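All chains, please: the whole structure from these sequences, using the hints.
Just so you know, the sequence shown maps onto residues -27 to -1, 1 to 227 in mature numbering (1 follows the signal peptide of the UniProt record, and there is no 0).
Simulated from the structure, these hints should not be mistaken for laboratory data.
Since the model is a prediction, treat every value here as computed from it, not as a measurement.
The reader is advised that the hints may include incorrect statements.
Unchecked claim - Here are the simulated DSS-like pairs of lysine-lysine, each with C-alpha atoms no more than 25 Å apart in a straight line:
1) K46 / K216
2) K114 / K216
3) K46 / K91
Stated by the list, open to error - What follows is a set of in silico ranges between Cβ atoms, one per label pair, in the way DEER data are often shown:
4) G57 / Q79: 35 to 45 Å
5) P221 / E159: 38 to 48 Å
6) T8 / A107: 30 to 40 Å
7) R72 / A178: 21 to 31 Å
8) G150 / L61: 33 to 43 Å
9) E159 / A65: 23 to 33 Å
10) P221 / L61: 20 to 30 Å
11) R22 / G110: 15 to 25 Å
12) T117 / P6: 17 to 27 Å
13) G191 / G57: 42 to 52 Å
Just so you know, even glycine gets a beta-carbon here, dropped at the ideal spot from N, CA and C.
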Amino acid sequence: MKPFRLVAPAPFLALALALIGPNAAHAIVGGGPATADVAAQTVLIVSTRGASCTGTVLARDLVLTAAHCVAPKADYAVAIIGDGEPRLVPAARVMVHPRFDADQFQTRRPTPDLALVKLAEPLPARFRVARLGAATGLPEKGVTFLLAGYGVTADGAMKSAGTLRSVALPSIGTTGGIMVRLSTPEGAAGACTGDSGGPAFLDGAVAGVVGWATAAGGARGCGGVTGVTLVSLHRDWIMATAKALGSPLPATGL
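As structure tokens, then:
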């Protein structure tokens, strides 16, 4: 794994949601505004440690995100924006994949960067449950994924966070047998700060969770390569953990 940027940290948004400007003409990096269908399946996660991430709705009270987003000790919540006054739906419990190792970002040895967040109450009716990808093997090169996230449009452009954007990226290979790497041939597209935990859709189902990004040439930053943990390889853990949290998922998807 090359040098990369964790795409989780961003200013705490609970008190600043109303100040997030309209940047819908731009993208995560190099994409565009997310469709209403993608927006209905995607949430903004904030925390008291001063970070924001993205997550996917698996049940009305259950969100899938990246482990490194919610593993540190803090209070977490889903920020509801676009329904009048911004409000928070607190996390009641967080379950991190047991094989996740936070040191992977220093050792460059990937582990399942996945977590489930059980919410204290159901999300508003406008949110829709996403379909979990089937348990399949590693994707072939060139397969196109659709990423979505509430992160920034460029490295360091913190005021652009908080608007949901999406970008389509092809697979350029895998890492460690659990992660797919995504990048366009021309570069300047992909995840950035705040997009961690966001969904990577494949054929309309959630196939992965955004974990990290690099700039062009593997340098620190955004717009080069995006790393995504494949959820299909960990479907059994997701299903069992969701059931244990009281939010069982359909065995055959939705």
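Evaluation of the provided hints:
1. Proximity of K46 to K216 is assessed by CA-CA distance (about 24 Å); at most 25 Å being required, the pair is judged to hold.
2. Annotation: proposed proximity of K114 to K216 is violated, straight-line Cα distance about 34 Å (limit 25 Å).
3. In summary, the hint linking K46 to K91 is supported, as the alpha carbons are separated by about 16 Å, within the 25 Å threshold.
4. At roughly 43 Å, the beta-carbon separation of G57 and Q79 lies within the given 35 to 45 Å, and the hint holds.
5. Between P221 and E159, the C-beta spacing of about 43 Å keeps the proposed range 38 to 48 Å intact.
6. For the pair T8 and A107, the supplied restraint of 30 to 40 Å is violated, since their beta-carbon distance comes to about 22 Å.
7. Taking the beta carbon of each, R72 and A178 are about 23 Å apart, inside 21 to 31 Å as hinted.
8. In this structure, G150 and L61 meet the distance hint of 33 to 43 Å, their C-beta atoms being roughly 37 Å apart.
9. A beta carbon spacing of about 44 Å between E159 and A65 contradicts the range 23 to 33 Å that was offered as a hint.
10. Between P221 and L61 the CB atoms are about 25 Å apart, so this pair conforms to the stated range of 20 to 30 Å.
11. Between R22 and G110 the beta carbon distance is about 36 Å. The supplied range of 15 to 25 Å is therefore violated.
12. For T117 and P6, the Cβ-Cβ distance of about 18 Å falls inside the hinted range of 17 to 27 Å, so the restraint holds.
13. The supplied range of 42 to 52 Å is met by G191 and G57, whose beta-carbon atoms lie about 44 Å from each other.
Checked against the numbered hints listed earlier, the structure breaks hints 2, 6, 9 and 11; every other hint is satisfied.
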